[in-house]
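All chains should be built: construct the whole structure from the sequences, respecting the hints.
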Amino acid sequence: MGKFVRTFGEMTKEDIQEAGGKAANLGELTQNGFNIPPGFCVTSESLSYHTEKNNLQPQIDAIAADFDYEDFGEMDDKTAKIRDLIANAEIPDDLYKEICGAIKILNTPEQSFVAVRSSVAVKDSSVSSFPGMMDTYHYLKGEAEIVEHIRKCWASLWTSRATFNRYHKNIEHHLGLIAAIVQKMVNPEMAGVLFTANPISSSRDEMVIEANWGLGESVVSGKSMNDFFLLDHSSGKEKTRKIAKKTVMVCFDEDKGFGRKEMAVAPDMMDATTLSEEQVNELGNMGLKIEDVFGFPQDIEWAFQKGELFILQSRNIRTLKE
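Counting along the sequence shown from 1, when you hit position 271 you're at 271 in our numbering, and nothing is skipped either side.
The hints are simulated quantities; they were obtained by calculation from the structure and are not laboratory data. Wrong hints could be hidden among the right ones.
To be verified - Taking lysine-lysine and the DSS-like style, the derived pairs with C-alpha atoms no more than 25 Å apart in a straight line are:
1) K169 x K81
2) K306 x K245
3) K104 x K152
4) K184 x K306
5) K223 x K242
6) K13 x K169
7) K53 x K78
8) K306 x K169
9) K78 x K152
10) K256 x K223
11) K123 x K13
12) K3 x K184
13) K245 x K152
14) K53 x K123
Everything numeric in this text was worked out from a predicted model, so none of it was measured.
Listed below in structure tokens is the structure:
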């Protein structure tokens, strides 16, 4: 699409350095015909360009050189200063125009909300996932709001948690890469995760689905009790289910008109099953196909909107024991 922006259809899983792991995998899934909400990636080079044009790097380096990893309060303060530098600087005009052009192409009158999500990598490394380390923003609308949250997404490379993570993994900070995903917002009735191997037992013969009402954020963050479905890997069919008492969900913040909020689940939905047998089987079959694309058991985020299944993310399961 341009120097700094790539659509999902222009990327594959090989583009980790440019797009980060999440966006590269979305590109691979798009290339293979899976139902992915359309979107684009503002590549990892964009943050480097942003910091260079605003002469931020010397200031960032000076703050980072003085990190005391034993002082958590001080680390919070210093990483916040770096985030503020990145988030408050003006995006260079040519980069801004390219992003806004991509937003215009993506947006349609019937569904103008988007999500902005991070996609990370490590320079000259196969590392492409830091689950839960970076920020995601839902239900955004308008060029100014989207661009503001792209800057916030870049800045989240320097959350204290992400900074500590690089330190403990002996990854030099300048090797951290982050791209921003801008993607049409799915407004799901239910969402969750699918593991194509059992993440608890490490069994490759089973798959696991966890589901809740609303956005999958409540599932991946661990804030909710979720419905649990155990599937047979060879057939993709359901073996057993445990329906939880679901008390909290995440959804569109109607009061603000943008963003997400937590809310109580309606009493008549607390004990109701989120997924029909047909939907469980559809997820199981989809999971097997996605696993085949990547050649390794997958951790997949999904959502159902008006009965239509969307795949939001897929990555290798990182916790399996041999």
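Going through the hints against the structure:
1. Using a Cα cut-off of 25 Å, the hinted pair K169 and K81 holds, with the two alpha carbons roughly 23 Å apart.
2. Restraint check for K306 and K245: satisfied, since their Cα atoms lie roughly 23 Å apart, inside the 25 Å limit.
3. About 20 Å separates the Cα atoms of K104 and K152, which keeps this hinted pair within 25 Å; it holds.
4. Proposed proximity of K184 and K306 is supported: the alpha carbons are some 15 Å apart, at most 25 Å.
5. For the proposed pair K223 and K242, the alpha carbon gap of about 18 Å is at most 25 Å, so the pair holds.
6. The suggested pairing of K13 with K169 holds, with an alpha-carbon distance near 24 Å, which does not exceed 25 Å.
7. Restraint check for K53 and K78: satisfied, since their Cα atoms lie roughly 22 Å apart, inside the 25 Å limit.
8. At most 25 Å may separate the alpha-carbon atoms for a hinted pair to count; K306 and K169 exceed this at roughly 42 Å.
9. A distance of roughly 16 Å separates the Cα atoms of K78 and K152; the hinted pair therefore holds under the 25 Å criterion.
10. Among the hinted pairs, K256 with K223 is consistent with the structure: their alpha-carbon atoms are about 22 Å apart, no more than 25 Å.
11. Taken as a hint, the K123 and K13 pair is honoured in the structure, with Cα atoms around 15 Å apart against an allowance of 25 Å.
12. The hinted pair formed by K3 and K184 meets the criterion: a straight-line CA distance of about 21 Å does not exceed 25 Å.
13. Using a Cα cut-off of 25 Å, the hinted pair K245 and K152 is violated, with the two alpha carbons roughly 35 Å apart.
14. The hinted pair formed by K53 and K123 meets the criterion: a straight-line CA distance of about 21 Å does not exceed 25 Å.
When the structure is compared with the earlier hints, violations turn up for hints 8, 13 and for no others.
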